[in-house]
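Chemist: Chains as they are written, first to last, in our numbering: chain H, 63 to 349; chain Y, -15 to 315; chain E, 20 to 254.
Keep in mind the hints are simulated off the structure, nothing from the lab. C-beta: ideal position from N, C-alpha, C; glycine also. Hints are not guaranteed to be accurate.
Stated by the list, open to error - Straight-line distance between alpha carbons at most 27 Å, and here's what the computed DSSO-like set of lysine-lysine pairs gives:
#, chain 1, residue 1, chain 2, residue 2
1, H, 150, H, 245
2, E, 73, H, 150
3, H, 245, E, 73
Stated by the list, open to error - One-sided excerpt, in silico: chain H residues whose CB lies under 7 Å from chain E:
#, residue
4, 66
5, 227
6, 231
7, 234
8, 235
9, 237
10, 238
11, 240
12, 241
13, 242
14, 243
15, 245
Unchecked claim - A few chain H positions that, by computed beta-carbon distances, are all more than 10 Å from chain E:
#, residue
16, 134
17, 203
18, 211
19, 219
20, 319
Next come the chains, spelled out residue by residue.
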Amino acid sequence: MEILILGLSRGSVYALVAVGFVLVFSVGGILNLAHGTLFMLGAYFTYIYFNFLFGQGGTLALLASYVCAIVSVSLVALLLFFALFRRKIDSISYVMVVSLAFALFVEQFMKVYFGVTSTGVPSLVRGSVDIFGVRVLNKEVLLLPISLFALVALHMFLRHSSAGQSIKAVAQSREGAILVGIKPDRVLAMTIAIAAALAALAGTLISSLVTVTPTVWSYWLIKAFAIAIVGGLGSLPGAVVAAFLLSFVEIATTFTLTDQYGELVALMIIVAILLFRPSGLMSSRQV
Amino acid sequence: MSRPLLIARRAAAGLLDAIQALSLVFVIIVAGIVITALTSSNFYVLEILVLAVIYMQFTSSWDVLCGYANQDNFGIAFFTGISGYIAAILNKSLAMSPWLTVPISATAAAAAGLVIGWLALRLRGPYFALLTIVFAAVLSKLAYIFSHVTGGEEGISGIASFSRSVETDLLVCVALLFISVLCMTAFARSHYGLILRSTQHNEDAALASGINAAHYKVAGFGVSAFFAGVGGAMFAHTHMQVSPELMAGSLSVLVVLMAVAGGRGTILGPVLAAGALTLFNEWLRIIEIYRPIIFTGTLIVMIYIFPSGIANASFFARAPLLRRLLFGREA
Amino acid sequence: MALLEVDKLSAFYGHLRVLSDVSLTVEAGELIAIIGSNGAGKTTLLRSLSGLTKTTGRIRFDGRDLTAASPQETVRLGIVHCPEGRKLFPDLTVGENLSLGAFLRRDHAAIQADLERVNDLFPILHERREQKAGTLSGGEQQMLAIGRALMCRPRIILLDEPSFGIAPIIVDRIFEVIRQLNAGGLTTLLVEQNVGVALDVCTRAYVLENGHVALSGSAGEISSNAAVRESYLGM
Ligand SMILES: Nc1ncnc2c1ncn2[C@@H]1O[C@H](COP(=O)(O)OP(=O)(O)O)[C@@H](O)[C@H]1O
Ligand SMILES: [Mg+2]
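Here chain H stands alone, though its shape is the one from the complex:
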């Protein structure tokens, strides 16, 4: 039961992070390896805003810090796109390398200014509840509905707004999109900002639950990357399914074996999928 609850709540956060990563790949054909960094910045910006701008005020101040953090991370992502990626956006290798360099840079920056130890933010809610006889922290319980809400909002946006349709159009046929007058560059910028916002939301949600250190970005990057490929690079539903799958495997193995073994098993599964089914579990490209 605990596995189910934790698997669901962590899986929903994984999904938030992975969906953005996949979306950017589908639209731009690029892998933004600074995606984990954007997640991490979500947590850090929340901490910064809450402690320094809103002077550790009440719940309202915390909510305001969340919003400011998400907006800030989107702006950072836009800066990253316009300043660094656009230089050679057609080269998947260049974008991977330059985004990694950026990730390393942010890591060092955070180490210098916030130290290597963890940074914490108080939670929106306190206490815990009993769910089917399992004691769960309230802040843990909050993850699933908020993430699901964000995912559904993303789905509605893609499905029903003109901007969302342009994202889908570019992902499915870049040339077709150009020929109806869509500018893929602009759509990619918008997509990167949205993906960053989702990652930042995940980061802010997690910031009160797990420790955030300047090096967590790589852990989350590998998660997002693996989920993206397990789900079939380019498929959003695939990414969501894979996110929950991975989280269940991890939680289940952590409960039955030790922490270390849990991660090892997850890694081995990724290797197996890469080797035996590289197109992912859901192979159709679906955005």
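On the provided structure of chain H, position chains Y and E with the ligands as indicated by the hints.
Modeler: Chains Y and E with the ligands in isolation, oriented as in the chain H frame:
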């Protein structure tokens, strides 16, 4: 003529050709390091030079596969780590001399490279990148799980150094680097390098022309892993300890960034960049606290200004003589 | 003055010269066919006109210089390209594909009217409006591609091989629509390898060979030309 003899003659011819193709600047740098080792007794300078040589070894071994086949291996630390730890264990528990541990552990790394290369054959781009990342992550997880063998977080210390003095250690390392670069240049200039290059654009075309691209890629993996392994063992026997950092993702990333900044597919571009960047990083110690920020910032700026790397900058295409001096004859 | 004037257009892929000094004019209301064998440069010519491929030379549309225009600008001005391979959005529904055709437009009433017109022309699209574009048959996909182009409000439509890979009966239906649209005043530039059908519907035609205009003239002149009859019509 018998087959082994034929291969030996080809290899000799390749090495001779590599010597002729070698860059003058590299030779001068190697000579400079040798002279420093012979004359200087400044412990600090010697240590830094050892580190620079090790990074040159790492980046060039990355480049010999990834620069030519244009695939990004984000897990070179797999090879440096596996070799460094094997060297450490052989030395500590079997009291094997470094003269044996270096070739043995590098060969072990090469074997691992052949296996991974074979497994990764069908994978391109993002899939390939993820596989290399995950393999390196698996290795470091294993190191934690079998911490009674690997020492876990602490790693293994008390490994024998090559010799009793840092000066001689540096000489050994620079000699190994020189030989490695020669061999890798020979490999890259042989038909192996040429075919690896041709696969980067269009594997199907290479296949259509009757070339078995798989054979060449796996071989490239083996060579790259072998020399990365030499670097890992070098690290073990100069630092006298190995820790999980030798198989960490951050090392892999740093190697990729330095190699790409130097210019992929040129061997010497990555070598020179790694050397220069390591020295630059040490020089930055005068402003210690901001050092890592400035260092990583510099990497970003370099990659931004030269997206294909310095050695591939159009500037050098217009100045062939300079290019020849710095990076050697083109493959 | 002609609606579209192309003067000494040249296009390159790397060092390969694909178009050399192509000149042509299209008057408002005409239906011009461009024929030529595979690799002659027909697709490249259309791509140059819609701004997908950079060129040297001059393109004037309705008196404006468009040589360096972006695809978005050309669509805005009413040059709409229905490309080779159709380039639909396979995982979107037929309806969504059509709406995306009107991406740049804000005149909702007119968009609705155009949608009805497309549905009248191709009733099958209306029937399948909830179906994903990728699940349509080749002929239906071609209809959808033309429908999407019409939703852009074209003043000139560039059609690249609308008959490619489609059953003959459907080809007839599609060409019937092309003729009908032209009769309604839509200027059309039609690229075809199916030379017989193209010469049937067009007013004038250009023959492209190795990237240059080998021949041009009225439909009748071209179809009676001995060389054309031999190499394209197989007579
Ligand atoms: N993307 C491209 N890169 C290189 N060459 C191309 C490309 N597209 C077309 N070509 C070449 O340009 C020539 C003209 O092609 P195209 O315009 O497609 O001819 P057509 O449509 O008449 O068959 C052909 O020789 C083709 O090989
Ligand atoms: Mg064509």
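Chemist: Would you settle whether the hint for residue 227 of chain H is holds or violated, based on the nearest Cβ-Cβ distance to chain E being less than 7 Å?
Modeler: holds, 6 Å
Chemist: Does residue 235 of chain H meet its interface restraint, that is, does its C-beta lie within less than 7 Å of any C-beta in chain E?
Modeler: holds, 5 Å
Chemist: Does residue 245 of chain H meet its interface restraint, that is, does its C-beta lie within less than 7 Å of any C-beta in chain E?
Modeler: Since chain E brings a Cβ to about 6 Å from residue 245 of chain H, closer than 7 Å, the hint holds.
Chemist: Classify the label on residue 134 of chain H as holds or violated, using whether its beta-carbon is more than 10 Å from each beta-carbon of chain E.
Modeler: About 31 Å separates residue 134 of chain H from the closest Cβ of chain E, which puts it past 10 Å; holds.
Chemist: Under 7 Å, Cβ to Cβ, is where residue 238 of chain H needs to be relative to chain E, so tell me if that hint holds or is violated.
Modeler: This interface hint holds because 4 Å falls under the 7 Å limit.
Chemist: When you check the alpha-carbon spacing of residue 73 of chain E and residue 150 of chain H, does it fall within 27 Å?
Modeler: Satisfied, since the Cα-Cα distance of roughly 19 Å is no more than 27 Å.
Chemist: Is the shortest C-beta separation between residue 234 of chain H and chain E less than 7 Å?
Modeler: holds, 4 Å
Chemist: Just checking, residue 219 of chain H versus chain E, shortest CB gap more than 10 Å?
Modeler: Non-interface label on residue 219 of chain H holds, nearest chain E Cβ at 14 Å vs cutoff 10 Å.
Chemist: A closest beta-carbon separation below 7 Å is what the hint needs, so does residue 241 of chain H meet it against chain E?
Modeler: holds, 5 Å
Chemist: Less than 7 Å between beta-carbons is the criterion; does residue 66 of chain H satisfy it with respect to chain E?
Modeler: violated, 32 Å
Chemist: Hey, does residue 319 of chain H actually stay past 10 Å from chain E on C-beta?
Modeler: holds, 40 Å
Chemist: Once the closest CB in chain E is found, is it more than 10 Å from residue 203 of chain H?
Modeler: Holds, because the least Cβ-Cβ distance between residue 203 of chain H and chain E comes to about 35 Å, which exceeds 10 Å.
Going through the hint list in order, the structure does not satisfy hint 4, though it satisfies all others.
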